[in-house]
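The listed protein sequences derive, respectively, from chains A and B. Counting from 1, one number per residue, gives the positions in the first sequence under our numbering. Counting from 1, one number per residue, gives the positions in the second sequence under our numbering.
Mixed in with the good hints there might be a few duds.
What the hints assert, rightly or not - Just some of the chain A residues that point at chain B, by a computed CB distance under 8 Å:
1. H371
2. A374
3. S377
4. V384
Hint data in this document are derived by calculation from the structure and do not stem from the laboratory. Backbone N, C-alpha and C fix where the C-beta goes; we use that ideal spot for every residue, glycine too.
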Amino acid sequence: MHPRLITAALGAILAVLGLCMSTSIPWSLHFGDQAHDELLLISAACAILGSLAALGFWKAGAEYSVKDGFVVVTLGWVLAGLLGGMPYYICGVAPSFVDAVFESVSGFTTTGSSVMADVESLPRSLLFWRSLTHWLGGMGIIVLSVAILPILGVGGMAMLKAEIPSPTVDRLRPTVAATAKTLWKVYLFLTVLQTLLLWLAGMDLFDSICHTFATLATGGFSTKNLSVGHYNSPVIYCIIIVFMLLAGLNFTLHYEAATGKPGVYWNTTECRTYLLLFVVCSLFIAWNVYGEIYANLSEAFIGSAFQVASIMTTTGFVTNDWEKWPWVCQWLLLCLMFMGGCAGSTGGGIKCMRLIVLTKAVFRELRLLSHPRAVISLKVDRKVIPGPIVSGILAFIGLFVGVWSASVLALIAMQIDVITAVGAVTANLSNVGPGLNRVGATDTYEWMSEPVKWVLIFDMLVGRLELYTVFVLLTPSFWRR
Amino acid sequence: MRIIIVGAGETGYHLARRLSYEKQEVVVVDRYEERISLVEETLDVHAIVGRGSSPTVLRQSGIEGAGIFVAVTDSDEVNLVACFVGGKLNGHMKKVARLRHEDYFDLPEILDEKHLGVDLVISPEAEAVKRLMSALEIPGATDVIDFAEGRVKLVGIRLHHDSPLVGKTLISLREQYPSHRLFIPAILRESEVLIPRGSDVLQANDAIYLMTQVESLPTALEIFGVLATKPKKFFIVGGSTVGLRIAQELERRGYSQITLIEADPARCEAVAAVLDHTLVLNSETLDEPFLRGEGVAEADVFLAVTEHDEQNALVALLAKRVGAARVAALTNKADYHRLLNAVGIDMVINPRLTAASRILQYIRRGKVISVSMLPGEEVEALEFEAMETSRLVKKPLRKLKFPPGAILGGVERAGDFIIPDGDTRIEIGDRAVFFAKTEAIPGIEKLVTVGLSFF
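Put together the whole structure using the sequences plus the hints.
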């Protein structure tokens, strides 16, 4: 553990945060809202303090240890969450400190659950900052899945390795930094493309940018009170459906597809399973809601496809109030929340890959019952997943369920009704955003008490950091020399 | 012609023995003294102790005058280097190397003239599995050899004691089914291969070798009382190269009920990692309760292919007793091969036999199209194309003088299969298949190749 280096790294994160925040000042001036002074103050403070810390504590030639990595990632997200909430707090748009932090953590963890009921009344520059936190969070996740999670052996590269079908070496590129850069390029390219498409489809440029940020990070903040439903345009819905799905897939697949292997989407078990689930669930829900809720067939199809994509990629955009849908549809959406995106995507949740491994592990156990002496290797895409990784994945799922149960219990103890509690915890732990009942499609988290919000903030953070990154800091052996 | 054989293991030893019978000048090189003394004691060949890839040793073996160089040690790398070094010492000689690992075929150009200079690569395991697979495709077959690009097949079939053909002579068989064109050029009886005459009587437990055209195979099998059911349930004991290859081949052909049993846990993991839906079991004990428990009683095919010939034989017999329909055992020993047939093992997988066939075929290239050894290695099936200059052509067969222990097994002419009799004349371009005991082979070769009178 190197406290100096950790401080330097956190300082650098802070400085970058300040610089990024300053990009919302021009929007403030452009739209003539009143937030520019506050934004300038906060971003300047972050940039200056951060640079001082980074430069002051930096020691040339020093090397980060694995433990430093965990601390930097966890504290980095906490720090970003706390300081990213300052604009809402100081501008007075968030009623309390916890609300400001909730909104900001929800942004950086790409969750998208909000305490703001009337977002259209907020200064546009703050809306831009809100969406930008998503996008920055998404970039952070890419680094996380390339640099930190492989070490934990439960996600990221250790899993990517098992799931990339072509004979690619361990990573796309030989070093972590090069891999991250490659994936960032994919992310940037998709950002530009979606912004242009939305703009062409009739959204104004500001809203196009904000919605693109929220889509590709699988966040879900909108600049409209009715979320994407505001536009009531099938073209915009379809563009966003496609890009939500792209963001929910493994980003390395996009890179491989772009370098001349488009078959990779269908040849990868995880991606294939994911897309099939999308189609099947969309059709199932469309079949359930057609006639009773939507008289128009295409409306039923696009509505259900949009909501399924939005939930299973853990974006959380809303075009239809799913609380009006039959319970079976709502519960199906809740199940999809648990799964979340693919490994190596910006989506949250348990991840499709882990559930595939879990399913295969279950079938292996069943097969072992009838053939006790059988040796069955667990394979995905014809590649064996080594035993330690399998047990790491199973333990992850166990921990996920454990955190989920404890959080639901805490919420119920704090006088939240069961369905709301289940919906809220699932939606935040999986970084989706909207949940069920009182935190459903058209509701916000504003009405919840302060302790409940802190529990959900914790859920968003640990869910985003794939549990282990945070929980490893809570083990005594981590701090022992 | 001088032939140098590097490696006096099973393949090398028997190849040397085989070639020395044919009065070839054979030199055997091996690094182990005990193997070399065995060669010296039992065979009429020159034997040298030393590393086969050493230029000094190879010079000693008289490589400058050699025509063929065969590297068949257990190590792929030694074989390749030996061919390379041999090629440097004698550029005119043909080089044959045995390769076990298929990875080398990922980069085939390393074997070519400019690099290692290997003229023929043989991989005994791969070829044995290929021969087994073609036998598995024919119900009831114990062995299959293809001629004329597969248009004519030699199929081994075991006669059960309740077969209607037991007790009949070959002549009466042909009279009873005149339209079927059945011809039996060889019979494996007890542990001996006979080249039968028309008056020979079929006995129970004979494994007859039936020459037939592909088209008439189903009806022929019917006559022999073989039920044409497609096998479904496979068991493989032993996960070494051969076992794994068989499992992969079966998976590739779409069979789904495959069980592979292997004693070594680490090997099990490795095998399970490459196979898609084969059930891999880790078990050292292969007793009756275990086999029954895993369903061997309902097995259509049971293959014992561990690295221990003795264990293979016993496990296959046990499986047969438990109820497996067709059992096969792997052996590399010629004596065992004959014996296994005699004790009731339906199919024998003999990598050495197939490898030796390939090498012999290569050594005799230009004269023969294919060479296949029958079990026990005393009888070879030799396939020739009749040349204009051959003494064989355009004379009725009865006018030709066949060496004793040889028989013409069939003639393929423009897609038609002819069973030869005394009046048959062989035309130019015909494919002729002879069955000959070892001692008759030089005579057959003389018969079919360029007649002296031509010069």
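| message | Flag every earlier hint the structure violates by its number, smallest first. | response | none
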